[in-house]
Amino acid sequence: MSLTGTPFFLTVIALLVVAVVLPFALWSRVRGPKPVRAVARLGMLLFAQVTAITLVFVMVNNANSLYDNWDDLLGTSDHVEAAKDLGPDGLGGLKTKDEPKQLVQFGPPKDSVVGPGVQEGEFKGRISGVSGEVYVWLPPQYDDPAYKDKKFPVVELLPGFPGSAKSWMGTLKATEQLKPLMEQGKVKPFILVAPRTTLLGKVDTGCVNIPGKVNADSWLSVDVRQMVIDNFRAEDKPASWAVAGYSAGAHCAAKLALAHPDRYRAAISLSGFNDPKMEPASLAGQDPKLRVESNPLTILKTANQAGRPPRSALYISGASGDGYEAGLALKQLAKNPTTVKVKLIPPGAGGHGTAVWKNQIPEVFRWLSGVIGTEPPAGGTGTGPGRNPEPGHGTGPGHGAEHGRTPEHPRGPRHA
1 MSLTGTPFFL TVIALLVVAV VLPFALWSRV RGPKPVRAVA RLGMLLFAQV TAITLVFVMV
61 NNANSLYDNW DDLLGTSDHV EAAKDLGPDG LGGLKTKDEP KQLVQFGPPK DSVVGPGVQE
121 GEFKGRISGV SGEVYVWLPP QYDDPAYKDK KFPVVELLPG FPGSAKSWMG TLKATEQLKP
181 LMEQGKVKPF ILVAPRTTLL GKVDTGCVNI PGKVNADSWL SVDVRQMVID NFRAEDKPAS
241 WAVAGYSAGA HCAAKLALAH PDRYRAAISL SGFNDPKMEP ASLAGQDPKL RVESNPLTIL
301 KTANQAGRPP RSALYISGAS GDGYEAGLAL KQLAKNPTTV KVKLIPPGAG GHGTAVWKNQ
361 IPEVFRWLSG VIGTEPPAGG TGTGPGRNPE PGHGTGPGHG AEHGRTPEHP RGPRHA
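When we follow our numbering, the leftmost residue of the sequence shown carries the number 1, and every step to the right adds one.
Do not rely on the hints blindly, as some may be mistaken.
What the hints assert, rightly or not - Label pairs and their computed distance ranges (CB to CB):
(1) A349 / V18: 50 to 58 Å
(2) P140 / K95: 28 to 36 Å
(3) Q305 / K84: 26 to 34 Å
(4) E81 / Y142: 25 to 33 Å
(5) Q286 / P362: 30 to 38 Å
(6) L10 / K335: 50 to 58 Å
(7) L22 / Q102: 26 to 34 Å
(8) Q286 / L45: 35 to 43 Å
(9) G307 / F57: 45 to 53 Å
(10) A306 / A349: 54 to 62 Å
Simulated from the structure, these hints should not be mistaken for laboratory data. Source: prediction; values computed, not measured. From the three backbone atoms N, C-alpha and C, an ideal C-beta is built for every residue, glycine too.
All chains should be built: construct the whole structure from the sequences, respecting the hints.
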């Protein structure tokens with residue numbers, strides 16, 4: 001029975017009803033010695049408490065898209081079939097342009113929570129060795145005959161941890177909010193792509209490559225990216241790609257965009273952080289070297305020192321103590337052509353939760369519409385007009401050894 005399915009939800013409700021009725025019906029009818037009666041009555045009370053807690057958990061999980069299935073919940077999921085050492089560019093000496101197209105069969109999603117128009121497909125990344133599902137939503141213009149020869153810009157959507165690939169399209173209602181804005185011409189017609197990010201049970205990969213363990217960076221920035229280009233009329237130029245995330249996914253979005261300006265033009269970071277140790281379950285945060293190298297501050301500082309500031313545009317929002325200071329630190333370091341827009345979320349707006357991120361979607365995608373498809377002024381690294389370099393010539397998954405971060409303190413799992 002599916003963890004997020006209606007049958008399980010209704011079963012839990014039915015069990016709770018039974019648990020509430022049971023004491024009223026049997027309390028005075030329990031027979032036997034006093035200890036036996038006490039144990040039986042205690043069992044009825046515990047049964048009622050367990051079913052009530054289970055119902056609350058199911059409701060919270062379904063509302064916030066935290067765990068997709070029982071394996072994710074129990075920490076037994078493993079979507080890594082191989083984790084070779086792919087080197088600093090995350091490609092392992094391979095060139096995606098030389099590989100045959102990776103065609104994936106997309107169809108209706110198994111869970112209707114993602115809303116209408118969403119397709120689901122599953123594939124194994126040739127470079128990363130990761131297998132997982134990907135949800136894709138096509139803009140209203142995609143099937144318009146007037147656009148039959150047009151390719152579309154793409155945004156990858158990343159959840160927090162724990163988090164489901166369905167969260168942006170389900171809980172945050174991204175497609176529902178953006179479709180009318182696209183039809184009205186207020187937002188560009190983006191293809192929205194939501195890949196699985198929970199790859200190794202109860203740990204957050206931090207969107208990094210760790211030889212022998214996981215190649216999460218290459219899964220997101222190489223395999224998923226190329227798969228979308230192979231299967232849809234998606235632009236392949238970095239200027240037409242962006243990545244967006246909230247909480248731990250916000251950290252990943254900023255990291256991926258700054259590390260790979262040859263793959264992404266922009267990033268949206270909602271209530272994120274720079275220091276990966278802010279997520280206690282982060283593999284990157286647990287490794288001293290990776291903790292430094294995967295910090296967006298380190299990535300940006302290293303690129304600046306090399307005279308190659310990335311051609312990246314970042315939109316960072318957060319409340320004080322919840323992403324805002326991390327954004328200011330990046331803004332202070334940014335040099336042309338890197339740009340960083342920071343927005344303060346006022347106290348009382350909803351805290352670190354899905355309601356806050358959901359409300360920001362129209363604004364951040366209007367900002368993104370003014371950035372995607374454009375090239376910043378010449379200078380620094382990235383892709384010049386008309387070029388489409390092989391992914392892997394940005395600053396790469398690992399960078400430098402200088403930490404340089406603002407004070408941030410772990411506060412437990414970062415998701416909602």
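So, going through the hints one by one against the coordinates:
no., hint, in the structure
1, A349 / V18: 50 to 58 Å, "violated, 41 Å"
2, P140 / K95: 28 to 36 Å, "holds, 35 Å"
3, Q305 / K84: 26 to 34 Å, "holds, 30 Å"
4, E81 / Y142: 25 to 33 Å, "holds, 32 Å"
5, Q286 / P362: 30 to 38 Å, "holds, 37 Å"
6, L10 / K335: 50 to 58 Å, "holds, 56 Å"
7, L22 / Q102: 26 to 34 Å, "violated, 54 Å"
8, Q286 / L45: 35 to 43 Å, "holds, 40 Å"
9, G307 / F57: 45 to 53 Å, "holds, 52 Å"
10, A306 / A349: 54 to 62 Å, "violated, 38 Å"
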